[in-house]
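Please put together the full structure from these sequences, using the hints given.
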Amino acid sequence: MKRRDALKNLLFASGGMITLPAWTVNWNLNSIPLSNNIFNAKELRTLSSIVDTIIPSNGTIGGISVGVDTFLSGLISECYETEIQQKIKANLLQLEQNSQKINASFSDCDTKTREKILSDMHSKVTERQTFFEFMKDESIRGFETSEEVLINYHNYVLMPGHYNGCLDLEAN
Amino acid sequence: MANLGGKSKQERSFDAIVIGSGASGGWAAKELCDAGLKTLVLDRGRNVKHIEDYPTASKAPWEFEFRGSIPIEQRSGLNRVGWKDAERVHWTIAEDEQPVIFEKPFRWFRGYHVGGKSLLWARQTQRWSDFDFEGPARDGFAVNWPIRYKDIAPWYSHVEKFAGISGSNDGLKVLPDGEFLPAFELNCVEKHFKESIKKNYGDERHLIYARCAHITDPQPIHIEQGRAKCQSQTMCNRGCVLGGYFSSNSSTIPWAMKSGNLTMRPDAVVHSVIYDENNGKATGVRIIDRHSKEMIEFYAKIIFVNASTINSNSILLNSTSNRFPNGLGNDNGLMGKYLTWHNYRGKGWAKVEGFENKTTSGRRPTNAYIPRFRNVEKQETDFLRGYAIGISANRGSWTEKSGLGEELTNNLLTPKLDENWGIASWMMGECVPVEDNHMRMHEKETDKYGIPKIVLSCEWKENDIKQADDYAEQMYAMFEKAGYKDIRTSNNDTLPGSDIHEMGGVRMGNDPKTSLLNKFNQLHECKNVFVTDGACMTSGGTQNPTLHFMALTARAANYAIDELKKGNL
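So the protein lines, in turn, are chains A and B.
When we follow the numbering used here, the leftmost residue of the first sequence carries the number 1, and every step to the right adds one.
When we follow the numbering used here, the leftmost residue of the second sequence carries the number 1, and every step to the right adds one.
Just to be clear, a hint being listed does not mean it is correct.
Derived contacts from chain A toward chain B, CB cut-off under 10 Å, selection only [to be verified]:
#1 Gly67
#2 Phe71
#3 Leu75
#4 Glu78
#5 Ala104
#6 Leu118
#7 His122
#8 Asp137
#9 Leu167
Hints are computed from structural coordinates only; laboratory data are not their basis.
No residue lacks a Cβ here, since even glycine has one placed at the ideal position from N, Cα and C.
Take a look at the structure:
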């Protein structure tokens, strides 16, 4: 990996003869083990459709292409209490039932219908968020912290190596 | 009777024992090992090897599977006070590690692992001046410091050169200059504020670059430590694989280890210091192994107590004998009393208009700083002492998050700069130590190691509240004079201890009747025990205290080495 090389170069440049630990080799998403998952295949499909409804691809990039659905299923499975997990599962089911009334599966509805059905999910899943708000907030978090978005759109630099305290915007 | 710990007494005997491996303990180890003393360093937590044991260092946000959230399994059973983000959660101790009885609300941050809080500090390194040392004598609180700036100045230099301090020489009496590597720069708004303060307050107030323990231009001494230039990652608290900032783990411990004289013993919860009534000296330290719970004794000619303020007090108070029924060296009963910390009650913020065509790039691991300006030369206000102020201006960015669908996708991909810069301010005031702010050992209750529980009884006093009111008023005025808008300054009832700067309890002084330690940090009544962490502080100053602890430690360690050579210890 490039970053590992950069680190090594810096350390060698400084005369430090330090062996980098194994975890520095594994710096990419694919190498991270998949977490436990509380969702069945059907629920995962709905979850993906929700992400695709909130942050669809603009032709280049979208929630699914940067793995927001995978992030969500892991996050909910590992980091939220059982009570919240159950509420989320119940809402996924409710979402499906609401879709069935109109058409077929949520995933098969057109964009406008999906947006409408999702925005109408007003029951609280956490103290301060409805199901819709929860899904939107967490999808945005997953999207905005993804490598593609941070590097290509948000000018994120892991190791800036400098601080310029007065940069002209025109020169940017 | 203590167990032999599977090793002969010979194998458990050293020239020196250092209790604690944080910033000050690391310095004791380095100085003692450099002088050829076989030194045992005890730490109650797990070992943390530089680089190897920083699991989150240099990881980008997307490399955290849960993007900042911590799995329930990992966060259950952790102490309420600690580092509660995915980046640093591994430094937080378990709830049952050391239950404390808080008689009054207090926030106590503990870093129980090798390196301690030197991995987690804010890395701010401002020197003390004689205005700080002379405070107690001039204003009639605590006791007179037994040393002055001239005693510590060479040791500040000694520590600064080795640790690597980025700073600028400002020529201020209230904040002496030091041995500096190049400074990061102040940004345009901070420079504007600096000029405004100069214009409005002349020589009475100054805004400077806050000196910090970062290597901005590695010198041979840093390269020899295997440390590299700080790359502005500002992920310091995870541990830095470059050694860009100073920690025991990146600097003093590996250095001491290279000497061949250091033995590191993690998982060693210190029970007490062993005192020999026949020769009037401490002979060693009793530990309880964190895993096996067995009690083991280690022996040495000199003992450095650097367990962090409250623990150093606790260890000494628990070191009872016929000679010292109230704790080692505690004849006057003052041990554990006059605890102090910093007044962090004040915060401020303002909007800065203008500079719309300016922004910053890269990141900076420090900020700007206004050294103390209240009651410096003489008493001027209705409260004692004064405060320093941290300042940081910034222009943030945001994304529009309303709506749904492709429009939202595109908005999230288009970060916008804040319309205006903002400037933030935080107070760091000197609390006046009082007897009533104290800690003691509980008479009956013990922790899982059988060590009496610590009782903490500390609170804000009227002086702190008045001081913070003054900060709120003065900060408002300084922002207003600079032309800033939407100014908000406040005096909040934040919990004492939030600054992570606990100090005192085993204070230094000239008189054994009113202090516990002499001018070289030796217990007056047990000269081969040195206390050189925050516990030794007679008063607190307004500076982040770690640099001061490190310099006091290096000074005391070199004194101890000399005294040992002379046969005085």
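Status of the hints after comparison with the structure:
A hinted interface residue such as A/Gly67 counts as satisfied when its beta carbon comes closer than 10 Å to some beta carbon of chain B; here the least separation is about 9 Å, so the hint holds. This hint holds: A/Phe71 has a C-beta 7 Å from the nearest C-beta of chain B, less than the 10 Å allowed. Against a cut-off of 10 Å between C-beta atoms, the interface hint on A/Leu75 holds, since the closest Cβ of chain B lies about 5 Å away. Residue-level restraint check for A/Glu78 holds (minimum Cβ-Cβ distance to chain B is 4 Å; threshold 10 Å).
For A/Ala104, the interface hint is violated, the least distance from its beta-carbon to any beta-carbon of chain B being 21 Å, above 10 Å. The criterion of a C-beta within 10 Å of any C-beta in chain B is met by A/Leu118, whose closest approach is roughly 8 Å, and the hint holds. Using the Cβ-Cβ criterion of 10 Å, the hint placing A/His122 at the interface with chain B is not satisfied: the shortest such distance is roughly 15 Å. Contact between A/Asp137 and chain B, as hinted, is supported at the beta carbon level, the nearest pair being about 9 Å apart and thus within 10 Å.
Nearest Cβ of chain B to the Cβ of A/Leu167: about 5 Å, under the 10 Å cut. The hint holds.
When the structure is compared with the earlier hints, violations turn up for hints 5, 7 and for no others.
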